[in-house]
Amino acid sequence: MRIAVASGKGGTGKTTVAVALAMASSEPVVYADCDVEEPNGSIFLRPEVYKTEKVLVEVPVINEEKCTSCGKCARFCRFNALVSLGTPPLVFPELCHSCGGCAIVCPADAISWTGNTIGEISLGKADGGRVSVVQGKLNVGSVLAPPVIRQVKSHIPHDGFSVIDCPPGTSCPVIEAIGESDYVLLVTEPTPFGLHDLKLAVNTVRELGLPFSVVINRFDEGDRGVEEYCSQENIHIMVKIPHRRAMAETYSRGGTLLDGIPEMREVFKDIPRIIERGIEEK
Amino acid sequence: MKEIVVISGKGGTGKTSITGCFAALAENAILADCDVDAADLHMLLAPEIISRTDFISGNEAVVREDDCTGCGICREKCKFDAIEVTPAGKYRVNPYSCEGCMVCVEVCPVKAIDFPPNHCGEWYFSHTRFGPMVHARLGIAQENSGKLVSTVRREAAAKASELNRDLLIVDGPPGIGCPVIASITGASLLVVVTEPTISGKHDMKRVLELAKHFSVPALVIVNKWDINPEMTAEIEKDTVLAGALPIGRIPYDRAFTVAQINGRTLVEETTGEAVENITTIWEKVCRKLK
Numbered sequence: 002m003r004i005a006v007a008s009g010k011g012g013t014g015k016t017t018v019a020v021a022l023a024m025a026s027s028e029p030v031v032y033a034d035c036d037v038e039e040p041n042g043s044i045f046l047r048p049e050v051y052k053t054e055k056v057l058v059e060v061p062v063i064n065e066e067k068c069t070s071c072g073k074c075a076r077f078c079r080f081n082a083l084v085s086l087g088t089p090p091l092v093f094p095e096l097c098h099s100c101g102g103c104a105i106v107c108p109a110d111a112i113s114w115t116g117n118t119i120g121e122i123s124l125g126k127a128d129g130g131r132v133s134v135v136q137g138k139l140n141v142g143s144v145l146a147p148p149v150i151r152q153v154k155s156h157i158p159h160d161g162f163s164v165i166d167c168p169p170g171t172s173c174p175v176i177e178a179i180g181e182s183d184y185v186l187l188v189t190e191p192t193p194f195g196l197h198d199l200k201l202a203v204n205t206v207r208e209l210g211l212p213f214s215v216v217i218n219r220f221d222e223g224d225r226g227v228e229e230y231c232s233q234e235n236i237h238i239m240v241k242i243p244h245r246r247a248m249a250e251t252y253s254r255g256g257t258l259l260d261g262i263p264e265m266r267e268v269f270k271d272i273p274r275i276i277e278r279g280i281e282e283k
Numbered sequence: 010m011k012e013i014v015v016i017s018g019k020g021g022t023g024k025t026s027i028t029g030c031f032a033a034l035a036e037n038a039i040l041a042d043c044d045v046d047a048a049d050l051h052m053l054l055a056p057e058i059i060s061r062t063d064f065i066s067g068n069e070a071v072v073r074e075d076d077c078t079g080c081g082i083c084r085e086k087c088k089f090d091a092i093e094v095t096p097a098g099k100y101r102v103n104p105y106s107c108e109g110c111m112v113c114v115e116v117c118p119v120k121a122i123d124f125p126p127n128h129c130g131e132w133y134f135s136h137t138r139f140g141p142m143v144h145a146r147l148g149i150a151q152e153n154s155g156k157l158v159s160t161v162r163r164e165a166a167a168k169a170s171e172l173n174r175d176l177l178i179v180d181g182p183p184g185i186g187c188p189v190i191a192s193i194t195g196a197s198l199l200v201v202v203t204e205p206t207i208s209g210k211h212d213m214k215r216v217l218e219l220a221k222h223f224s225v226p227a228l229v230i231v232n233k234w235d236i237n238p239e240m241t242a243e244i245e246k247d248t249v250l251a252g253a254l255p256i257g258r259i260p261y262d263r264a265f266t267v268a269q270i271n272g273r274t275l276v277e278e279t280t281g282e283a284v285e286n287i288t289t290i291w292e293k294v295c296r297k298l299k
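Going down the list, the protein sequences come from chains A and B. Heads up: the first sequence runs through residues 2 to 283, numbered per the numbering used here. Heads up: the second sequence runs through residues 10 to 299, numbered per the numbering used here.
These are computed hints drawn from the structure, not numbers from a lab. It should be emphasised that the depicted structure is a prediction, and the values quoted were computed from it without experimental measurement. Be careful, since some hints might not be right.
[As the list claims (entries may be wrong)] A partial selection of chain B residues facing chain A, derived with a Cβ cut-off under 8 Å:
no., residue
1, Ala47
2, Val112
3, Leu147
4, Ser154
5, Gly186
6, Ser197
7, His211
8, Arg215
9, Ile270
Glycine included, C-beta positions come from ideal geometry on N, C-alpha and C.
Only chain A is shown next, with the shape it has when bound in the complex (with noise of 0.2 Å):
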């Protein structure tokens, strides 16, 4: 079973819940960091890296001898990243999605490939050897998230139990990176910015139909807004963590939710269940 833990605002506890569902587990799990523009589990898990591996994304050479300055290619090019004033054209690598367009409409054959690296992922293994740790980090001044977050969840195995730490937001990267998830945890506050954009996330996942529940953190902290539209909207909240400044002083030093809540295991480890039973219930 794959759970994503995914939120609309940031710096909610995404993190914080994937690393205790992942640590409060007994099972054999795999922790995909799909942040990859801040990818903080590792901060928590600290896994042994044992291989490391580039994310490449294929951009376009220009043959100038076989180009004909046609300027087809630039034309064609929905994300400007080939320019052509009647030479051969300027390719603006940062800017391409690889879609192979221009090689495509360029009568000359003129173009070719080669890879330019955005990103990186690292295979580790903590707790042990139980936590698979698998991380994905965009390369400051890189643009696209997506292909990073593709090759992280191409690492994640179709079968078992695995955990998707997301980024925050409602745009593309969240949904590459929640899609093909069986599960959604989506993580909140008790204060209206983390209600607002706890709507905007449960519209989310309710366009890709996939079953979620709500976890509210810090839960005592805030009003009473998100419990109050999770009743509403008839949403379960699948846990509730208390506040404790032992937590956040906990969490500053790179401590997880159940080192600092040491009651938070038995309710973390029994999620999975509590979500497979609900899913085969439907």
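For this one, chain A is given, so just place chain B on it according to the hints.
Showing chain B alone in chain A's frame:
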């Protein structure tokens, strides 16, 4: 016109709460919310929308099933696995995976794929009690957030010159990817809000690298600094090493949450240490802009 962009790398460090305070303290500014994925600034500023404009960007491929012959060339050429087989053995485009590259439209031998413009969201021009504001809403599961950010910044700059405002204050998105890059390129100054946690420190370093990459000067605020004073000191040291400037600390204060619940900025809600710190920080930011 000068432009300040408030960003953080890590989400939830207090960007929007602090941007709201800056809006309250600033004179003659225009405001913009570039966190178009999950915009929250409007919840503090209660904008009265004056005009709304559709945001149309890029195109989306749509197969006309009646004309599709089921040859499958589109599926073969699509690099985004966005083409699915229908129960009738024809093909359709999954809009969530489609990046609008037009390759399928080009290769379809019977020209059975349309390519209509994509309605991705809308943007607004509004009035708030602290001045004009430009903000936006990206449609659910939409692409092109970077382009919407660029639109918000461009429209805010145009309004600033029309209304003789000499400062644009931008609430930026989290992360370091496409919408963040679209928010910071060409800005006068970045204000990075971080928190004294290993994650906050890690993410701040990546944001400062990004600032350097795009040659935008950056100032750093440590919010909730008293959660971990040692980490705060480390972050301030790292800030200097990264070529940026620490400009202040703000203590953890539950009044931030209370202010949010009341739909106000902290400086309107209360007085005390956090408000004093923010006021001093704002004065420093203004001096840096000169």
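Hint by hint, here is what the structure shows:
Taken as an interface hint, B:Ala47 checks out: its beta carbon lies about 4 Å from the nearest beta carbon of chain A, inside 8 Å. The closest approach between the C-beta of B:Val112 and any C-beta of chain A is roughly 5 Å, which is under the 8 Å cut-off, so the hint is satisfied. Because the closest C-beta pair between B:Leu147 and chain A is about 6 Å apart, less than 8 Å, the hint holds. Given the 8 Å rule on beta carbons, the hint for B:Ser154 holds: about 5 Å separates it from the nearest Cβ of chain A.
For B:Gly186, the interface hint holds, since its Cβ comes within 8 Å of a Cβ in chain A; the closest pair sits about 5 Å apart. The interface hint given for B:Ser197 is violated, since its Cβ lies 20 Å from the closest Cβ of chain A, which is over the 8 Å cut-off. Interface hint status for B:His211: upheld, as the beta-carbon distance to the closest one in chain A is roughly 6 Å, under 8 Å. Among the interface hints, the one on B:Arg215 holds; its C-beta lies about 6 Å from the nearest C-beta in chain A, closer than the 8 Å criterion.
Taking 8 Å as the C-beta cut-off, the interface hint given for B:Ile270 holds, the closest approach to chain A being about 5 Å.
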